[in-house]
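Fit chains B, C and D to the given chain A structure using the hints.
Chains as they are written, first to last, in my numbering: chain A, 54 to 316; chain B, 54 to 316; chain C, 54 to 316; chain D, 54 to 316.
Hints were generated in silico from the structure; no laboratory data involved. All of these numbers come straight from a predicted model, not from anything done at the bench. A few of these clues could be false.
Treat identical chains as interchangeable: a pair holds within one or across any two.
Only pairs whose alpha carbons sit at most 20 Å apart, straight line, appear in this in silico SDA-like list of lysine to any residue [what the hints assert, rightly or not]:
hint, residue 1, residue 2
1, Lys239, Gly200
2, Lys103, Gln165
3, Lys177, Arg296
4, Lys151, Ser241
5, Lys151, Ser266
6, Lys239, Leu309
7, Lys103, Ile288
8, Lys166, Ser241
9, Lys62, Gly306
There are 4 protein chains.
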Amino acid sequence: MVDSHWTTKLSYTTEDGILIRGYDLIQLIGVVPFPSVLYLLFKGELPDPKIAKLIDALMVASIDHGPGAPSVLAARTAASGGAPLGAAAAAGLLTLNKFHGAAVEDSMEAIQKVYTLSDGQPDKLDQAADAMVAEWRRAGRRIAGFGHRQHKKIDPRLERLFILAKEAEVPGIHLEAARATVRALKRSTGRDLPINIDGATAALLCEIDFPSSLSNALFMVARITGILAHVNEEINQMPPMRRIDPVNHGYDGPPLRDLPTNL
Amino acid sequence: MVDSHWTTKLSYTTEDGILIRGYDLIQLIGVVPFPSVLYLLFKGELPDPKIAKLIDALMVASIDHGPGAPSVLAARTAASGGAPLGAAAAAGLLTLNKFHGAAVEDSMEAIQKVYTLSDGQPDKLDQAADAMVAEWRRAGRRIAGFGHRQHKKIDPRLERLFILAKEAEVPGIHLEAARATVRALKRSTGRDLPINIDGATAALLCEIDFPSSLSNALFMVARITGILAHVNEEINQMPPMRRIDPVNHGYDGPPLRDLPTNL
Amino acid sequence: MVDSHWTTKLSYTTEDGILIRGYDLIQLIGVVPFPSVLYLLFKGELPDPKIAKLIDALMVASIDHGPGAPSVLAARTAASGGAPLGAAAAAGLLTLNKFHGAAVEDSMEAIQKVYTLSDGQPDKLDQAADAMVAEWRRAGRRIAGFGHRQHKKIDPRLERLFILAKEAEVPGIHLEAARATVRALKRSTGRDLPINIDGATAALLCEIDFPSSLSNALFMVARITGILAHVNEEINQMPPMRRIDPVNHGYDGPPLRDLPTNL
Amino acid sequence: MVDSHWTTKLSYTTEDGILIRGYDLIQLIGVVPFPSVLYLLFKGELPDPKIAKLIDALMVASIDHGPGAPSVLAARTAASGGAPLGAAAAAGLLTLNKFHGAAVEDSMEAIQKVYTLSDGQPDKLDQAADAMVAEWRRAGRRIAGFGHRQHKKIDPRLERLFILAKEAEVPGIHLEAARATVRALKRSTGRDLPINIDGATAALLCEIDFPSSLSNALFMVARITGILAHVNEEINQMPPMRRIDPVNHGYDGPPLRDLPTNL
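Chain A extracted, bound-state conformation:
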């Protein structure tokens, strides 16, 4: 008979409760914020309190991008055919793929490559970035995280994230590696390809030592929230089988307003 026993390092349910990476789930509830427990599950350890806020910020930055995102359109289309909440959200999740939301992992790889080639020495970053850019271009590989697709102006989320990174006192070397990559891309291609939101997210995830194989997972958890909200609106407010125009849409929610002061 085959021994089919297998083990996990993540979590376990016993008669006494649920263990998450060695912590009793009960002790986490109401004490450790959700994004930090996500980090614990993905990484194996709780984040430093300074870092916790940065993880939360990265999740908020990705929570929703409006009704025109392909993942939202696919999910709303499924809902319009009659799919219930979870099935329609799954259609959206499947759309978060190579060209839509999956750039962060690739971008982390590029930035980590520059970091490694530089031996972690700031004055070698430019040379290392040149080497990485040359190698990836030779291999016909797109260097994700640089160059703006949608925002003509600088994406204001970036500046916000960089401020938070400073407040979190991250070492900053991976951010420098990303900036060195911008310069290397300029030298190599002649084009201005600034860090975009994927590249900024990638650099910050490198800074906090987030596992790159789960960087897309962080994005998926954040974005499925928006997808679910859109599916719920589609199911409850829209006629079934409607033609969902991907461009010709608008917003009739509350107009721009300030944050409440009692946060």
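Okay, now just chains B, C and D, sitting in the frame of chain A:
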């Protein structure tokens, strides 16, 4: 030509940025915690600060239940066939269905029915619960959220959540409605069917006026986090096409440990 | 220890080969047509040879409806985000839901109800249809399979299917029950609601005693074929992340042509 | 305004009916068998009648492999959590991935490479196979379609398919290329790695000029049939939330029986 223009009340992307229910996403990043932005997207308004912590707690309580949950088994099986992260997680999400994680919405309906029948008056809750139980049993409908399936002892998460609810100063009337339902079930069936984690979650979501059609969505966002962690472990640590035994498994992560003191 | 052994009546793999409902798969290959093996798997017995052709015809009739079907739009949108073949097809499959392709099962139930109420006697069908229509309308239930949504003229597929049914020498009583339902709907609503393709499919599946719980499955197998063809075109011929207009599209394949004569 | 018009070469719905690659769907119904219409959709042309039977045979050969296939286990697990037919089948479809059912496309590539390197000349096939094997092994790439995983004896489906290929009068050069690959693998690795069912399917799809990007699609259409049958059994015959043992199962359907004589 058909006018295909449509609108959403949720969110919008413009040249100037991303609007979430009227708030500029930039202003939310690093200021409003992720679970509160989820509440904003789902409900339309930011939660009261007292309530924010309770939402976070409910998400942490659902984040992962160990490797034996059907959603995890389905997701790991898909990953074992070669499905990448998102596709395998989608298989898990599809498994979070009628019998697995979807009890909260039904339970909210039962509790809200008791509340409505009582006209919000505490002394009428028992009578209202008797009426609801009689009606639902007549219709052959299961009253979700009561009676323990897995935990023989009282689920310690409940006590924790009730303490947090008290700290959040929720009105408490829906919790009372849930307790009246336990008494009504005892009178009607002769059986002890205590509030379980689904019922407690339902009562608390009623307390904070969470939209019931999105109660399962809250659970999905939380639980897909655990599913993604399990899929990542399967992809990176396990041989492909292995037989995934649903019972014969164990835990070899860190042993039970105390929370760090610097949280 | 729990005995977890379970059994299936469908199929099994042994050292000697694969058993499908008692038949050796080897003996089926190249002898029994695919739609008949589908029937065998779903129903438990091989179809009568007269019936086999009708099942094939029902599958061909559903294989593809062009690029504007919501299932195709959702699948193409997922592919446009970078989802590979199977994941994008899954998004399409999830869209085949309550309002899109799932009418056949409901329609079978209506027709079977008329048949049952008539005790299988042709002269009682009108009375039985009146009773069914009255009961379903009282319950606020839509009677699926009647009334045209898309085709203003009579859908020519119907006539073709009815001819094939005649050639297959089906008893015809369920087709009569469907026609009686049209008359009952006219009496009850005053409106002309002719049998549509879902209703015709339903009536024919009743005629060949196809399990109603798998009528949508027959449709799914057929339609996923078209979905996969569209996904493949999207992946290989279209730019990623394009806006997929649900209405403003056309056809540039071969113009209308006659069937080859050597079939 | 952006011109969002797009076109497809596959199919179109007009007021007059549905066009499939230039043929009127009505004319196909009941005349052209379902697997041939699948070929038409995927390939652009109807198959030669000799070839049609071979396509059907390849689909029957893949329709179901019993309850232990990971795709069936994932789909049954989703159904056990309460997922309806289509959602559970989608979980199964997502499991048909890199390690489970996706070998045919890779195997076609290997065989086509040998064919191309040989300039289509039979006496150069061995040399060409040596070159392909050397190149792929150097690149660390698995040569799919050779070597048996599950069947210790020769898979009897192969012999059946080869006989049908002969009856269909296929040129046979790709089958020879596959056999040359077996010899080259023996020379290169010292191991006996016979053509398996994936390799045989690949060779035959090469023979009939089936588009390799859709070879997995052919398999998906066939296998989702079995998945749907298993999901239906799970939903209707099994208790919810059961532990689905991947090994400890059996068959209680009809015992081995002969094909009826009136086919």
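Cross-check of the supplied hints:
1. Lys239 with Gly200: For lysine 239 and glycine 200, the Cα distance is within 20 Å only inside one copy (11 Å; across copies 50 Å).
2. Lys103 with Gln165: neither (22 Å within a copy, 41 Å between copies)
3. Lys177 with Arg296: Result: close neither inside a copy nor across copies, 54 Å intra and 42 Å inter.
4. Lys151 with Ser241: neither (25 Å within a copy, 36 Å between copies)
5. Lys151 with Ser266: Cα proximity of lysine 151 and serine 266: in one copy and across copies (14 Å, 18 Å).
6. Lys239 with Leu309: This pair counts as neither: shortest intra-copy Cα distance 37 Å, inter-copy 51 Å.
7. Lys103 with Ile288: neither (40 Å within a copy, 31 Å between copies)
8. Lys166 with Ser241: Only inside one copy: lysine 166 and serine 241 sit 17 Å apart there, 36 Å across copies, limit 20 Å.
9. Lys62 with Gly306: Result: close only across copies, 4 Å inter versus 44 Å intra.
Of the numbered hints stated above, those contradicted by the structure are hints 2, 3, 4, 6 and 7, listed in ascending order.
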